[in-house]
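Can you make the complete structure from the sequences, with help from the hints?
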Amino acid sequence: MSNQTATVATTTHKPPSGQKSWLRGVWHFLYQHRRGAGSLVFVLVALEIVARYIIDNQLFLASPTRVYQAGVALGRSGELWTHIYTSGIEFILGFAIASVVGIAIGALMGLSTTVRAYLEPWVSALYATPIIAIGPLFILWFGLGITSKVLLVVVTAIFPVIINTHVGLTNVDQSLHESVRSFGASKWQLFRMVRLPSSLPFLVAGERLAVARALVGVVVAELFGARAGLGYLILVSAQTFNTANLFVGVIVLAGSGVIAMAVLQRLEYRLSPWRVRE
Amino acid sequence: MSVGNAPVKLSVEGLSKVYESRQGSTVALEDVSWSVNEGEFISVVGASGCGKTTMLRMLAGLILPTDGRVLLNGDVVRGPSADRGFVFQQDALLPWRTLLDNVLIGPDVMGRRSEFVEEAKRYISLVGLDGFDSYYPHELSGGMRQRVNLARALVVDPEVLLMDEPFAALDSQTREVMQAELINIWDQARKTVMFVTHQIDEAVFLSDRVFVLSPRPGRLRQIVDIDLQRPRDLGVKRTARFAEVVDQIWKLIEEEVRAGIAEELRDAKRQREGVPE
Ligand SMILES: Nc1ncnc2c1ncn2[C@@H]1O[C@H](COP(=O)(O)OP(=O)(O)OP(=O)(O)O)[C@@H](O)[C@H]1O
Ligand SMILES: [Mg+2]
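Heads up: the sequence lines are chains F and C, in that order. With the numbering used here applied, the first sequence closes on residue 278, and no number is skipped along the way. With the numbering used here applied, the second sequence closes on residue 277, and no number is skipped along the way.
Incorrect hints may have been included.
As the list claims (entries may be wrong) - Pairs of lysine to aspartate or glutamate, DMTMM-like flavour, derived with a Cα cap of 20 Å:
1. 237/C to 227/C
2. 187/F to 83/C
3. 187/F to 227/C
Hints are computed from structural coordinates only; laboratory data are not their basis.
Shown next as structure tokens:
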């Protein structure tokens, strides 16, 4: 969560441009997040102590310094980048397809009651289904390569996008709708001028859910069978009892999640400057 | 008065509206007929819930009558159009548009935004909001938003202005200034105005005629001619004749308000007893 407040801080307290402005920005950021940073440091130190002196077994727990060393080694050999690249492509493709197709389907459902009547039972049933469980079937159908992963990401991430788009487009304040309609606006104008902008917050919320689901989708799809990727790294590390490497994979994933959320938050602020910020 | 032999601008014939909802059907308006001449200023008063908003929405074409019809320049109204400007009871500004962009909604719909930017700024300054062009609605006070509503309806220069309690959210001083301003605008542009209000003195001060509606079902109870000299300034409010007319209308409404409240109480009681816990 701390990344959300981070973007607020950097957007609202823009430091004056100049030579040392970025330094001041960093200082400002650290100051704003001194509590979060403090708790992070505390936990890392505690983990280090526990891993070194209490559970001195590399199988169960890897100390932060060892994880760091493992990460550096994986980076040097180039292996880490291959995994990140593979998973990244799967994530980006899957998420992009889920977004575009999901928004299109959600918009159709929001605009046409007929389409909605046909699709609603499917969407509500599949939204709550852990589709990820049929991942092995996807590997069977589409092979060990990237296709099966992308498709699994699409089907896990698409439902929150569809539902939020649909809900956003249907929950429009009637008085706003009327105020524009009173000028004789056409259906299309009403859509563009009222329904679309008022559904934007819903849309972004749907995308946030989709990011989280897509990340899980990538990893789980790779666990079911792959030749590369962060999920594959985690799987192989677990099978070879290399706890440090396993944690490298997990931490990279966590970092990606944080970055993706921060990007979305930025996008939301860019798209909706009218919304009240805390 | 100012109207003379002006042609009929707006009229309704046997206008009725029945709302169907889960609680049953509500007759909001029943068999209302009147006609208004070009350039006339009409106020509509009546107890809460007597169908004033409903009537105005049918004039705007936002809803269709259950029975009867609305005629504008002799043609049946079938839907909304920029030739009738609507000022809403609740402020209905788009939160994602700045003040200026909200005022430009009408021109945007007409696809003629650039022609109207100067006009929009003129009206913004007319309603006293100079310098607030780039503010978002949430950064404005309730009264300011209400004034934006007014500017938005005026900017496209509609033939008929339909105003639903446009000054309700204003403090009494601003309200008086806006009344005078509205009279000014009306004087210059000679628009036909239908003005809904709960303030009888406001209705009398502004209007050529006052339509008094009775509630449940809403009917046109009486039309009161206001024979006060024009142009009127705020001083007219302190004359004996003014007080007399206000009193006359208030007496008409008073009974209705009491009857309405009594009926509401009866309804509520019936509902309580009808629905077992
Ligand atoms: N959309 C609707 N569906 C069902 N009933 C409605 C609807 N709109 C209004 N009504 C009913 O119609 C009647 C008239 O409502 P209307 O809003 O026209 O009253 P009004 O005279 O404008 O009241 P106020 O002075 O309080 O604004 C009321 O009894 C109300 O409950
Ligand atoms: Mg009303």
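Comparing the hints with the structure gives:
no.: 1; hint: 237/C to 227/C; result: holds (13 Å)
no.: 2; hint: 187/F to 83/C; result: holds (18 Å)
no.: 3; hint: 187/F to 227/C; result: violated (45 Å)
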